Amino acid sequence: MEVVFILIAISLSVALLFLTGFLWAVRSGQFDDDETPAIRMLFDNKKSNNQKKD
Amino acid sequence: MSGTTCYHCGNTCDDEIITHEEKDFCCTGCRSVYLLLLNNDLCDYYAIENHPGVFTEKIDNEKFDYLNDTKVLSDIVDFQNKDKVSVTFIIPQIHCYSCLWLLEMLHKIHLGITKSKVNYMNKELSLTFLKKETKLSQVVAKLASIGYEPRIDLKSSSGKRTTNKKLLIQLGVSGFGFGNIMFMSFPEYFTGGKGIAPDLYQYFGLVNLFLATIILSVAARDYFTSAWRSIQFKRINLDVPIALGIFTIYTSSTIEVLSKSGFGYFDSMSGLIFFLLLGKLFQSKTFEQFNFERDYKAYFPLSVQKIASKDKKTTVPLHDLRIGDVLFIRNEEIIPADGVLVSKQASIDYSFVTGESAPEQSNKEALVYAGGKVKGAAVEIVISNLPSQSYLTKLWNNSSETVNTKINSLSDQVGQWFTVAVLFLAFISAGYWFFIDVATSIRVFTSILIIACPCALALAIPITYGNTLRILGNKGFYLKNAFIVEQLSALSTLIFDKTGTLTHADQGDVQFSGTLSETEKIHVSSLLSNSIHPLSNKVWHFLNTEKQVDVSHYQEKEGEGIIGLIEGNQIRIGSYHWVAGKHTNDKSLSSEVHVTINDEYRGLFKVKNMYRKGLSTLFKQLLSTYTLEVLSGDNNSEQQRLHEISGIPNIKFNQTPFSKKDRILELKKSGNEVMMIGDGLNDAGALLAANVGVAITDTSVGFTPASDVILEANHLTRLPLFLAFSKKAIKVVYACFTLSLCYNVVGLFFAVRGELSPIVSAILMPVSSVSVLLLSLGLLKMYEKKLFRAIEKIKK
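Residue numbers (the numbering used here), protein chains in the order written: chain Z, 1 to 54; chain W, 55 to 850.
The shape of chain W in the complex, shown without the other chains (with noise of 0.2 Å):
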């Protein structure tokens, strides 16, 4: 009976279903967590939160020990003496309140934890234990088997933290002067400095220029820096009209305090630094509950094949790897963390880290580094270092030609010509009444600048896109960067790989017809694991050979073939142009994988393509709004039923790499938005050449640098919905916008007649910038659980 969801980990358990006690458990390993919890009376555990287990697969035990190392140990730890050691892990499964109980429990079921502290959302666990009883790697191997397995970085790094500690000192500094100056200003504000002695009076304004100097100092500082910083760039950042008015009121105040002339705004000064910082430490909360849900399931999904014991290649995400771990990667494939070679010889393309284009030479026990790709004959490596997300996301970024330098994203425009705007209007106004009275002027003058601040702006967009990532990654459409979401509202035409994007990449008929014998079945089995072409992947499959022996002078033509050397033996697989030398008469009626070997033509492979469930739906949604396009590296045989499933007019066949990215300029030379979808392998640079490329992956993949966008290849139906919700997330931006400039109207027009108090007008500011925030937040929140139920929609 299917749709038994496992008791402890909530995972559906198709397999087998293994029952105690009436619950069931998808497998023995989430069985017996739950059985280590029953007879350590732990079993708060479920009633916290709904099946808070993580699944994970069976650990070797030995695979812990070099953590009793003591040069290994002295590196991790925080602390150890004679008797007990402190140390701090990361542990990415962290995700719910239940995590957090189980793990603060952790001295209940491992005798020598004495305790065990965590911090939520850093998703840190900080414990201590007692040499005597247990060794580090005993420790490790328990969490690892209630699926809690330890991220060991062994170099250490928490940069975290302390950007928050400055940020609470600051907020603490402008308090305090906040508070205490506008607790001096209280004879200014009741008798307008008419009821005391003038000494007294200028005392106070002293104390208050005292404490506002403070302030300045401490609390201010990065504004001023950040804003220095951009006028040295020759641009005109958010923070330079702040800057700008805090320094016009400290001035001002400071020089009419000194020449006993007046009061001073200090109480504005302080007011508004300190709301301006309350926002900043909103936004980074913000950011945090972010950064916290990215890491546990919106990385986008990249995994590779891991050689387990006994030479078994297990496909493996990459945020489940561990040092030590040897992986076996292909033709044209990433490698996706820092390592050490096995194999013989390897040949390596870092152009992707170091721009250079020339393969490097590497031989076995050589360092190999994470971005560089395999080029020929795959290689082993055992991995030194975890693979980092962010460094792979960096290299995703930098990867050379962004060929959209002309396109200015909607935060800088708007930025900019804002801010130009809002300093010319101060200055007229200030002009304005400088023939009237110069006090109003400046009055004048702050207020226009504190006013018209640009920081709902400066919230709107990144919250905006961040969260629009968040929701989209979720749903298994993984975008590069926030820009993205711009140019993917801006579409018109639709491009379409065939192999591997609508058709099922590993599936699909396959019959021989031909001669080969046992051996030889293995020798091209092992050709063909070198490459990571869909027809590659159907023919190895279908062959399902257990042995697989060595490759050498391994080569791949992209949407040819591939050719090696085995035993003696030449063997070209592929076209029949890549393996006879000529083109062939016959009208084929399937995708065909022909072999030869030793230059004798041994029989070919049909493969029949099997395309993805609810194609034609797609395209019906797809063809409402946009002009699509197929363009496919293969032949015709298949015209009829793609015409048929898709309704698409334009469909090419027969296309090299070259003819689809030229395809793609000649459609944006004549003015469209073009977005290319493909699987990331022959179709490098027309995804590069298209405004948005989307790589599709399978369960294992070919990391491309090029695409914009990795969208799961099962989710290829919710592509009109994913296009849509980027959309609605443009009007967001729009709405909120909209809102922060009525504010700002409102505002203006008192400030410009004089009659705005800076303090009032330091208070609408971060009012503003909170009703913007709530707006963008609350319609994305709508948008997403409009999504939601779309996608339900089509699951059924």
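Just chain Z, with the same shape it has in the complex (with noise of 0.2 Å):
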């Protein structure tokens, strides 16, 4: 049953791990603007037409 002792060590540090690169993204920027990603998806990538133009 000791054992858990070594689990929950284990346990914590994969969880502090997610929070250190969370907070890394954070710092880098990341979520600086989470509005325009959202609008820049919906607008539809025409290939373009290099053909048409001369």
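Keep in mind the hints are simulated off the structure, nothing from the lab.
No experiment lies behind these values; they were computed from the predicted model shown.
Backbone N, C-alpha and C define an ideal beta-carbon position, used for all residues, glycine too.
Check before you lean on any hint, since a few could be wrong.
[As the list claims (entries may be wrong)] Covered stretches of chain Z, going by a simulated chain W footprint (3 or more residues, C-beta under 8 Å): (1) 8-21; (2) 30-41.
[Unchecked claim] If we take Cβ atoms under 8 Å as the criterion, some of the chain W residues that face chain Z in the derived model are: (3) C81; (4) V172; (5) G226; (6) V261; (7) L263.
Assemble the dimeric complex from its two separately framed chains, guided by the hints.
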């Protein structure tokens, strides 16, 4: 039953890893703009018609 | 055929309609942008939103040349190496998804731009271009030509992002802690500690203590600092009970765990902090949305006279000003932005900025600052900084005599009373339970503090008022700050000025009887151009001379007239008393503007007043709820006509600015709440004296920090609707209070009996906050629709 001590330590370390990941993402500016990507996603991506233009 | 809308920008094409392939445009500018997009296969711009274009005036391509200077370049750009340059601009015209789409397609329109990215909420455009293909001035010129001229502020500033980062970090840490603590608390939930060895049990508790300490120091510290600061000022703000609750749970749980007597309530504490922070995030998102709209439309409509090329003066709204523009600022007008004096001399009153009432004399090339009021002859300045609406609003709010210090705003009153009552209840109940069971006593204390959290109050009031400000601003009624809403709902008497308020400030029938040569007409007109009085404007429009000459020793006496020296001649223009030094016995039938040159009487301009449309309906609607009065500085020639239009019994003429102010003070003393509606120039004293001062503006305005509200002149007929709306806003606030009180009463009922587990109360509190928020937003939306419909009816 004493293995639980180690298991808890491991689980907390993994959780801490994820927290560090989140903090890094916030600091590097990935959450600065969460509105625009949502809008951008909805635009049609017309493949440029290079043949049309001369 | 009127009523055609431009395909590009949506404005009505009144002057001329330009057609191209069955599409109508209001001007060649809009059509050129359309053609540009058509040729580059970018017409999806029009598919995404209706009329997404922005109407722009013709730009002068040389005005961006200063951007090629290397020093300027290094100030503005984010990054540059020998091949490319990266720069971020603020583009205030971004207002819809089409703008976003087009700006990210810039690489198709302009050779040299490799990529461009928009941050929609912050209205920023970041782009990169190649040095060998294009220059910064060309990039900016291209943006201006499609209607998205960037705002170039040579001082960098972007304080918005950092606060959200901190909040996200705190949210992440508290969420991490919350989840893991609950995970560690499983033994407690399932077996109550009986199923495992006591050592193990304590181990779990210690882990929780460790996590909780991290959360406390990172995520909860703002509440503690805010509560501490407020106590230092001997006030109790809304963060005090929250901080107290968190602190209590933490210490009591720590003691329990360390003394091995229990497990503690760290799960409740971390849950509480997590939900509180979530609420803050939600609040900041809603305010972001308000700011987004506000920047584009709802700032109050200040305009100035700008001198374009060839000495032509145009009226330009503040947010269209650019560095390097030359402005023409007249007597009693406020300088909107820092700049350099072009005229030889100026006399500027900085009382709104520094409180110094003695005007400063400045010479050519001297620096002048935003907020200063021009006294005397008009001046020309070239602006060196962009006008800052927030700075001017701050001046507006700080302007000296806010007489009403005894009016405690609603939120202050309720907040303090409420917090004291809750603390009182908490101590009494805890005291009662202390003699029965200490553990329950502590639980009761903390649950009361949590469930009775006044954060619903803290959210409801600013959101309701903020929303109200925005809605009213969109319809032409601009409030100085949120608390004016309360004062608007409590009014009993309304006082109107006549000239410029009930009458048009610049239109009206003018007739001249007397003798003036052509040169003398030019002189008179030049003198008049220095004044912003409505009568000066009307006569100036009537004279309509092309040329203007310089005026020296200009003086204006409010309510009387103006005087100045032009090419050696002393000219007086104004009331008969002003120009002739004595009163006239003639009964006059309209407003009169007399002229003397070198003390020789030359004649008079008879100005027939043109009343605004819709006044009789306006007064009929108002008379049913308020007492009305008209105080006019003019003569009583129009007494009969005004009586017929308004139906108001109390109309007084020949009022000086002082007698208006006295009348208002008299009314206030007898217990009335008074609103004064005037044009801001002659009525500054009266506006200040009233409970709410409303300044009417036509297109070009003398900004009056003495007013509390700015109302667009052509929307005067909407006044009853605006007043009714503010009353409804107060009702919404009361509704939110009631809802939050219900939650509190229900929760407290259980808390006092010790039957409320802290975790349930920790969840109930954000639920109450969110529901109060939704109630406020929902009710206001409903009232906004009603207001909108009522305004449409007036238009017809």
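Hints and how they fare:
1. 8-21: Holds: 7 residues of the stretch 8-21 of chain Z have a Cβ under 8 Å from chain W.
2. 30-41: Coverage by chain W holds for the stretch 30-41 of chain Z (7 residues, Cβ < 8 Å).
3. C81: With Cβ-Cβ at 28 Å, over 8 Å, it is violated.
4. V172: The hint holds - V172 of chain W has a Cβ within 8 Å of chain Z, the shortest such distance being about 6 Å.
5. G226: Check passed: Cβ of G226 of chain W comes within 5 Å of chain Z, closer than 8 Å.
6. V261: holds, 7 Å
7. L263: violated, 13 Å
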